[in-house]
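Chain B: place on chain A using the hints.
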Amino acid sequence: MTVQSPLAIEATGLVKTFGEVRAVDGVDLAVRTGSVYGVLGPNGAGKTTTIRMLATLLRPDAGYARVLGHDIVDEADAVRGVVSLTGQLASVDEDLTGRENLILLGRLLGLKRAGAKARAAELLEAFGLIEAAGRLVKGFSGGMRRRLDIAASIVVTPQLMFLDEPTTGLDPRSRNQVWEIVRTLVAEGTTILLCTQYLDEADQLADGIAVIDRGKVIAEGTPGQLKASVGSGTLHVRLLESSQRPEAERVLTRGLEGVHLESDPAALSVPCGDGERAAEAVAELSRAGIRIAGFSLGQPSLDEVFLALTGHPAEEQAPGEDDIDQEERAA
Amino acid sequence: MSTASTTTAHPAPTAEEAALRKALSSTPRPAPPSPLSAALTFGWRGMLKVKHVPEQLLDVTITPVMFVLMFTYLFGGAIAGSTRDYLQFILPGVLVMSILFTTVYSGIALNTDLTKGVVDRFRSLPIWRPAPLVGALLGDSVRYLLAGTVIVVLGVALGYRPGAGVPGVLGALGLVVLFAFGLSWVFTTIGLLLRSPQAVMNAGFMGIFPLTFLSNVFVDPETLPRVLKGFVDINPISHLVTASRGLMEGTATAGEIGIVVAVAAALTAVFAPLTVYLYRSRG
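Chains as they are written, first to last, in numbering that gives the first Met the number 0: chain A, 0 to 330; chain B, 0 to 282.
With the rest of the complex left out, here is chain A (with noise of 0.2 Å):
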C-alpha cells in the first residue's frame, strides 16, 4: 500500500531539546500522500515543536525527516516551496488589514500585482470575510482571524499544509467552518498535519493519528482504534431535582459500573457501552420516576485517552474536580 502512495511526511527519532527539556524525545512520524494525520496531545507535549521542525522553522537536535521526499535540513528550501504552515497564534499580521493579508501573501509567493489582488478577493469571498476585508485583522474575532488564517495558507495550494490547533478557542459554528474547510482541502488533494488537543476533532477529520506526550509518540491508529483502547463515552445527566440524586445513582447502579456524582448536586455521569445502552438507562430513570432536565452522550476526552494510555492525567497541573474533592475529603 505504501508502495503505491508515497509518504508526505517521514520522520525518524525527531529530538529537540531547550536547556534541560527534551521538548520533542524521538517522534517517529508516517504520514500518507492525500490524508489528514492527527497528532494529538495536551499542551506541552511537543506538537508544535514537532510541526516547527517540519515545517523547516526550527533544526532538529537528532533525527531526521522528510517532507514530500525533501530532506528538512539539507532541502528545507525545497520544503518551503511545497507546505504552508497555520499557527497557533494566527499567522497573519495584525496591523494590516485582512485584504493587504492575503495580498502580501500572494505577492510572496510570487503572484503579480493584479493576479494577487484578484486571488485575495477570491478567497475573502469564499471565506466569507468580505466585509471585514478592509478592517485591521486586530478588530477580527477568532473564527474570523482562524479563516483568514487558513486563507492566508492557500493563497497558493500547498501540497501540505500543518493546521495547529486550528479551532482551539473558537465557537462551535466557527469550528464546524474550520472543519468544513479542511475537508474541502483534503478533497481537493491536500495532506494535512492535523494538531490538536481534542479527541473529537481528530475523530471528525482525521484519517490516522498519533497520541503524543511528552515529546514521545505513546500510540498510534486509526481514531476508532484509538476509542477502542480507551472504552466507551460517557453519559451525562442531570435532574430537575437534586434531592433525586441518591435515587437516580441507585436505578443506573443496577445496570452500570462506575457511576460518578458530579459537583453539580444535580448531576452525575456513567461511562457507557453505546447509544443504545444510554437511551435504556435514561429510560430506566424515567420509568422510576426521576425527572431529567437533560442528558448527553460524550465521547471518551482527550483525558481519558490520556488516562488510559498513559496512566496519568493530559494535564498534570489541572487535576480534575473530583480529585480535588477526594484530596480534600482525605485531609
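Derived by calculation from the structure, the hints in this document are not laboratory data. Don't be surprised by glycine CBs; every beta carbon is placed ideally from N, CA and C. Heads up, a few of these hints could be off.
Quick list of simulated restraints, FRET-style, between CB atoms [as the list claims (entries may be wrong)]:
no., chain 1, residue 1, chain 2, residue 2, range
1, A, Val72, B, Ala268, 46 to 56 Å
2, A, Ala29, B, Glu16, 49 to 59 Å
3, B, Leu35, A, Gly12, 34 to 44 Å
4, B, Pro34, A, Ala29, 31 to 41 Å
5, A, Val72, B, Gly164, 49 to 59 Å
6, B, Gln197, A, Pro245, 58 to 68 Å
Using the frame of chain A, we list chain B on its own:
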C-alpha cells in the same frame, strides 16, 4: 453519535460552498518572486503599517522639529554667539543625529515583530532569506528621508542656507540615509539578541546617545580635552557630520565621503549576515 452536531441539518451546497470549493481548487504555484521583488513587498508592508497608524511618524516629524528648535535657540547664543550662525553650523549635525536616533526603532520594530505569529509564516516561505529584513529597512529608509526632509525644510525656513544648494542637500540626505541603513543592521542584530522591545530601546539609546554627543554635531572638537578630542576624531559619526556639512556647503572631499561609505559598507557586511543568521535560526 448522539451529539448536537448531528441535529444540525446538512444544507444543500450553497453558493458560499461553491465559492469555497472554487477557491480551494488548486491554484498553480508561480515562480517565487525575485529577491528585489520580495524585499520591496516587505517594504510595502512597512508603508501599510504607517498608513494605518500614522502616529508612528511622530518620531520622524515632531522629534526632529524639537531638536532643531531646541538646540538652535538654547545653545546658539551661548556657543556661537548668534542663533543664526549656530543654525548654519548645527543643522547638518541635527540631521545626522535625528536620523541615527531613528535607526534604533528598526531594532525595536523587529523585536516587536518577532513576538507575533506572522514571522513564522514569513520564515516558512520560499523567498530570499534576507527579504523581510532588507524590506523592513528599505521601508525605514523612507522614514529617514522624511525626517531629513522635515529638518532641512524647517532649517531653511529658520534661515539656514546650504552653500551647495539643492544638489548639496540631496547629496547629504542620501549619504546620511545610506549610513543609517548600515547602522540599522547593528540595531536589528541587537533586536534579535535581546528579549523585549524595552531592552532593545535601552541598549540602543545607551549606545547611540554618547556616540552622537561625543562627536562634532554640537561643538567644534578643537575646544575639547585631548583624550575626548581623540575619540571624537575617530568617531564615525563625526566623519558623517563632516561629510554632510561638506556636501551641503559644497566643500566635501572624496576622502570624507569615502570614509562614510566604507563604514556603512563595513557595518552592513558584518551585521546584515549576522542579523539574517539570527533571524533564520531563531526558534
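Starting from the hint 58 to 68 Å, judge whether the C-beta atoms of B/Gln197 and A/Pro245 obey it.
-> Holds, at about 60 Å.
49 to 59 Å as the expected CB spacing between B/Gly164 and A/Val72, which holds or is violated = Once the Cβ atoms are compared, 57 Å apart, the range 49 to 59 Å for B/Gly164 and A/Val72 holds.
B/Glu16 and A/Ala29 - C-beta distance against the hinted 49 to 59 Å | About 33 Å separates the Cβ atoms of A/Ala29 and B/Glu16, which means 49 to 59 Å is violated.
If you check the beta carbons of A/Val72 and B/Ala268, does the distance land in 46 to 56 Å?
-> violated (27 Å)
Do the beta carbons of B/Pro34 and A/Ala29 sit within 31 to 41 Å of each other?
-> holds (36 Å)
Does 34 to 44 Å hold as the CB distance between B/Leu35 and A/Gly12, or does it fail?
-> Cβ of B/Leu35 to Cβ of A/Gly12: about 41 Å, so the range 34 to 44 Å holds.
The structure is inconsistent with the numbered hints 1 and 2, although it conforms to all the rest.
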